[in-house]
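> Going down the list, the sequences are from chains E and P.
Under the working numbering, the first residue of the first sequence carries the number 52, and numbering increases by one thereafter.
Under the working numbering, the first residue of the second sequence carries the number 96, and numbering increases by one thereafter.
Don't take each hint at face value.
What the hints assert, rightly or not - Here are a few chain P residues that face chain E, going by a calculated C-beta distance under 7 Å:
id : residue
1  : T126
2  : Y128
3  : F142
4  : L143
5  : R146
6  : F163
7  : S190
8  : E191
9  : K204
Note that these hints are calculated values from the structure, not bench results.
Every residue, glycine too, gets a C-beta built ideally from N, C-alpha and C.
Chain residues, written in single-letter form:
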Amino acid sequence: ETGVTQTPRHLVMGMTNKKSLKCEQHLGHNAMYWYKQSAKKPLELMFVYNFKEQTENNSVPSRFSPECPNSSHLFLHLHTLQPEDSALYLCASSPRRLGFWTGELFFGEGSRLTVL
Amino acid sequence: AQKVTQAQTEISVVEKEDVTLDCVYETRDTTYYLFWYKQPPSGELVFLIRRNSFDEQNEISGRYSWNFQKSTSSFNFTITASQVVDSAVYFCALSEAGGGSNYKLTFGKGTLLTVNP
């Protein structure tokens with residue numbers, strides 16, 4: 052139990068569907084992240100939110116739309132995805148200690164997305 | 096640009112063997128942090144260690160040890176007397192030390208370690 056919960060754990064969707072991934076952290080952290088993990092590729096940072104404000108969009112296509120209503124919740128809205136978007140989507144959060152980011156990420160177990 | 100290379104894609108050992116996972120990094124920053132994360136089959140990455148670029152002392156934590164060599168830009172991870180539960184994908188990562196800025200980690204591709212009984 053890492054304190055970061057992702058739902059659903061598995062999702063299969065067609066290219067015309069709209070779905071959302073949810074992430075919730077119970078650790079009191081102020082930063083939340085979405086990462087994409089594809090086979091045989093390094094983890095790719097997608098989005099970063101600090102105190103509910105988006106501070107990083109790593110050239111992610113607009114068919115991925117993040118939402119951070121508060122510091123504990125993060126969503127990734129999915130619309131008209133492509134088969135190559137099939138991957139494990141990992142949510143993470145991180146704390147600040149003494150005013151500095153520690154770089155230590157706490158990850159959820161991921162949402163395995165398959166786009167048909 | 097930052098880059099992390101984990102040349103070993105897969106390693107397979109027999110239980111109780113020692114195993115070293117290699118990590119080589121590239122950065123133009125003079126101050127940075129290095130990390131190791133473990134990803135078991137359940138999926139979540141688990142933080143193992145963070146090392147500041149100014150601290151080249153090796154660290155030992157139980158059966159785990161880390162060797163940071165700034166001269167060769169390497170941050171290798173050794174598991175002594177490996178166990179089946181050590182089977183996982185291990186990621187090395189690098190971040191700029193931005194103080195109050197975001198921490199953006201650059202990950203390597205990972206090394207799949209399989210420990211056989």
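> Against this structure, judge whether each hint is valid.
Quick rundown of the hints versus the structure:
1. T126: violated (12 Å)
2. Y128: Check passed: Cβ of Y128 (chain P) comes within 5 Å of chain E, closer than 7 Å.
3. F142: holds (5 Å)
4. L143: violated (10 Å)
5. R146: violated (10 Å)
6. F163: violated (15 Å)
7. S190: holds (5 Å)
8. E191: Violated, about 9 Å.
9. K204: This interface hint holds because 5 Å falls under the 7 Å limit.
The structure fails to meet hints 1, 4, 5, 6, 8 from the earlier list, while all remaining hints are met.
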